[in-house]
Amino acid sequence: MKILKLKFKNINSLSGENEIDFTQSVFTNEGLFAITGKTGAGKSSILDAISLALYGKTPRVEISGNENAVMTRGEKDCYSEIIFEVAGETWKSSWKQERTRTGNLKPVVRQISDSNNKIIADQLRACDTRIVEILGLTFDQFTKVILLAQGSFAAFLEADKNDKGALLEQITGTESYGEISRRVFERSKAEKEKLDKVLFELEAIKILSEEEIKNLNDEIAAFETEKTQLDQELQKIETAKKWLSDLDSLQKQIDETKRKLPELEVKTITTKEAFDASENALKALKEEQKELEPLFKKVRELDTKISEKEKLLHPILTAISDLEKKLHELSQTLETQHSNLGKAEKLLEAKRKWASEHQKYEELVSTYAAIENEYRQLISSFKEIENLNAEITNLQKNLKSKEAALQQAAKVFTEKEKDLAAKTQELETGKTEYAAILDGKELSLLQSEKENISGLYHQIKNLIQVEQAIAANQKEIEDFAGKIRQLDSFIQELSEKIETDKITIDHLDRQINLLDENIKLTKTIQSLDELRHTLKDGEECPLCGALEHPFARGNVPQMGEKEIELATLKRQWQEISKTVQQNEKKLATCNSDKDNALINKAKEEKYLSDNFEKRQEILAEIKNIQTDFTIPTGENKIEELNEMLAQKQSELQQITATIERAINCEKQLIKLRDREIPALQREKEAAERLKNEAETAQKLAEQQLNDKHELAATAKDKYEKERASLLVKLQDYGVENMEELKRCLDAWNENKKQTEELTNLITTLKSSIALNRKELENLEKSLTEKQNDKLSIETEKQLLSAQRKEIFGEKSVEEEENLLKRRIEAAEAARVKTEKEKNEANTELEKNRAIVSEKENERAEKQALKITVKSFEELQAEGETGKKKADELSQKIGANKQTLRYNTENLKISGNKLKEKDRQQAIFNQWAKLNELIGSGDGKKYRNFAQALTFEHLISLSNRQLQKMSDRYLLKRSGDSTDPFELSVIDKFQNSEERTAQNLSGGEKFIVSLSLALGLANMAGKNMRIDTMFIDEGFGTLDSDYLDVALNALSNLQSEGKIIGVISHLTELKERISTHIEVVPMGNGHSKIQITN
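Using our numbering, the letters of the sequence shown map in sequence onto residues 26 to 1118.
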């Protein structure tokens, strides 16, 4: 990956637009360039611009939706655009953000395009993914590759062996290995917990024994036998209940059927009478139908004849209507034609009269074209005059314009002469002022003095901060020491008190135990009262064997006092024990506080040591800047340093103001000398040229105006002659202009045309009238014939209609026939219905009589069975009692069977759990093995192993880079087993002597750390070749010789096509590198870049 061009605007302190073209020869020829500028000027902002353009973020500054700390303060927008090359293909990536009018941030805009300017990604997530695909590097990898970590490796070489692992992890980005180790440890622990959970669940599953299962099955068999017997009894009861219910039901059916019989007998008689009536009505209607059939036939014949006459009459009526319509239309046409003929004859007579009165207009048919040509020539002459007059007017205006331009040019020329003289005088005055500002010194010398003062100012400021920190450290150390002394005293007191109280507790324990034994013995003595009455002196006690029995004589000890004493001792023991516990907690707290105080004191002592070192470094820097500088050492040194700081600040402000005045003055002088005076000289020469050109243009305009006046006079004479000739010809026709003459010609032609059209129209009308009269006669004859035919047919139709009306009236044969048919159909339906009702009534009567007989026989048969003598209520009570007992037996059977089912399910669950246990055991075994290999709670086990491999790979890559820079050294891991990250250097120029990194000189350490940084870049870049890199630290520790070695080493990388940018503020480094990207402060915290060679 090679950066070709970088363009950005308003990034951090680099305000405005800036552009760096890395393809220029100043970069490619040397392969090494310096990014220079003061501390804080914005040198690292160039790297921020590269990161923004590619990844939309920077390693140093966070960018959120509400805040953009990258944008130059006070600006409304910022952007960064980079053109780069990967594997011979060119890409462009850009990042941009703006603010709204109210100051809120707009969304970020990003784009990636290929070498054909085709946009391949313009969404934020798509750009994130695409740039990683193109470069083959994540953001973290890119930051390790683009900015060489030489300084971090320099710190690694100097670090203590306990800190090297953490530093190497930070440099190489191998934090994930520690995380993997911790996660393996946690996963193994989690899988063990899962296994324990499965084992616990397996133990919780209850499985019945064979004996328990047998007992349950025996109970089920006994219950089922008892239930079977009970079910048989219940079945007998149900049979008896059904027998009683059946007898009762049959008796109810018999009684109900007998109640229906009288009603059914009446219905039989009624339906027979209705059937006889409907049958008689049907016979009468059929006889009436037979009598009317001849009449219906006669009427139908008459209707047919009448219909035939109507069919003959219809076309005759249509023809008569058509003939009458045509006669009417033809009569109107003849009337119109006669009227039009009269009008045409009158109009033709008027046209002939007008032609006779305007006979002279006929000449215009042949003469009008010639007159019109003369008129057109006259118009052309008039337009020529108008054009000439317009040109004269324009020339007059042009002449006035040229005169004004001449005056203006002369005025400008005079003013430019005056301005040139004034600027020349201003240049001389400025030179005098510039010399006065510098007071005989060179500007570069003043700038060098300013850098020294600025350096002293910042170092004094740093020294004040370090002195204040040292004072604070010392105070903190004294405070912690005092606190530790107090805690030691308090710990001693608590320890002694706890020891005393524990002795007291031991003494109380012995007293309590002794008193407790006495109380128990006393209780035993009191409880042996009966036995004491049988004791005699001189005879042995059956319990203790004593010959004397003092308690037998009534001397029995009492309980109250000893119990009170015991309670008091126990209360004392509890109070002292509680006090010991409290004091032990206090002691633990004090010890913890003391440990924390010791840790904090050690930290402060470390901070104090670091600050002493910083103070020495700052004092060395101050001595480098000003060797005779006196450092205050008294008690008031901070106040004296503040006074020095104020003095240097004043000096810095004064010299800065002087330099700024000198620079501004120099810029003004350069502006006058190189821009304003040459520009005025050019403007004066241009004004002189314009004045000469204006004089020439004025004379030319006067000549052109005279020529146009002469042409205009000639054209006017020609126009007057042509106009007089045309007016004579117009007056012959009694008109004054061509429009009137044209109307005369048009009127003659139109009259002639209309006369011819009217003559033709009259001839046509006369011929048409004659034809229409003949057609009218023929139509009248046809109408008379059709009217006679109509009268004959209508007479015959009237005779037939009168005959029909006489025998049948106006009635319809079809309607009368249909009415009679419907009456017969209704009578037949009534007959069928009544016959069906009669038959149904007879059938229903016989059916009910049979039911009564059948049910009486059935009841007698059932009655003869005599199944029970008990009542239905008695049977019902017995059944309910038996059913309740059967339900109880069913519940017991169900409970036992459910227990057995649960046991079967538990056996299945147990089997599954055993399989799950085996699976989980296998999983746990894998993770346990992996945990044994690489897992640990703090992540060290795998991290150390991975770092050792990474370190070996890094040394291999670094040796390749080291050989390109110098063939003198070779890196290898030290054989020290206590420090796996110790690095040795083999010096091939000194008989391959092996030295540790601790024994290297400053320059050698730089070369080694640089090779390690380049090796890390190769490792981070993997297969991606990186040809543009930057280095930001480490040169300040090199002397002149090793600085040359380091720069030569970096320059040697040019042979691989690499370009290295060195970021530094060292003056000596600027002199040794020819190409500079200089970051120049502009005031108000803003800077700009300048590329110099």
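For the record, the hints were derived by calculation from the structure and aren't laboratory data. There could be a bad hint or two in this list.
Said to hold, decoys possible - Think about it this way: if two alpha-carbon atoms lie no more than 30 Å apart in a straight line, the pair counts; the simulated DSBU-like pairs of lysine-lysine are:
| id | residue 1 | residue 2 |
| --- | --- | --- |
| 1 | Lys277 | Lys267 |
| 2 | Lys527 | Lys619 |
| 3 | Lys322 | Lys822 |
| 4 | Lys486 | Lys266 |
| 5 | Lys830 | Lys315 |
| 6 | Lys522 | Lys486 |
Stated by the list, open to error - The calculated label-pair distances, taken between Cβ atoms and stated as ranges, are:
| id | residue 1 | residue 2 | range |
| --- | --- | --- | --- |
| 7 | Asn423 | Lys746 | 25 to 35 Å |
| 8 | Lys724 | Ala704 | 27 to 37 Å |
| 9 | Lys746 | Gln421 | 38 to 48 Å |
| 10 | Phe321 | Ala827 | 13 to 23 Å |
| 11 | Lys408 | Ala772 | 28 to 38 Å |
| 12 | Glu360 | Phe321 | 54 to 64 Å |
| 13 | Pro703 | Thr48 | 50 to 60 Å |
| 14 | Asn423 | Pro703 | 18 to 28 Å |
| 15 | Asp912 | Leu932 | 54 to 64 Å |
| 16 | Lys231 | Ile624 | 48 to 58 Å |
Yeah, the Cβ is synthetic: ideal placement off N, Cα and C, and Gly gets one too.
Here's how the hints hold up against the structure:
no. : hint                        : result
1   : Lys277 / Lys267             : holds (15 Å)
2   : Lys527 / Lys619             : holds (24 Å)
3   : Lys322 / Lys822             : holds (19 Å)
4   : Lys486 / Lys266             : violated (119 Å)
5   : Lys830 / Lys315             : holds (22 Å)
6   : Lys522 / Lys486             : violated (54 Å)
7   : Asn423 / Lys746: 25 to 35 Å : holds (32 Å)
8   : Lys724 / Ala704: 27 to 37 Å : holds (31 Å)
9   : Lys746 / Gln421: 38 to 48 Å : violated (28 Å)
10  : Phe321 / Ala827: 13 to 23 Å : holds (19 Å)
11  : Lys408 / Ala772: 28 to 38 Å : holds (30 Å)
12  : Glu360 / Phe321: 54 to 64 Å : holds (59 Å)
13  : Pro703 / Thr48: 50 to 60 Å  : violated (34 Å)
14  : Asn423 / Pro703: 18 to 28 Å : violated (35 Å)
15  : Asp912 / Leu932: 54 to 64 Å : violated (30 Å)
16  : Lys231 / Ile624: 48 to 58 Å : holds (56 Å)
Hints 4, 6, 9, 13, 14 and 15 from the list above are not met by this structure, while the remaining hints are.
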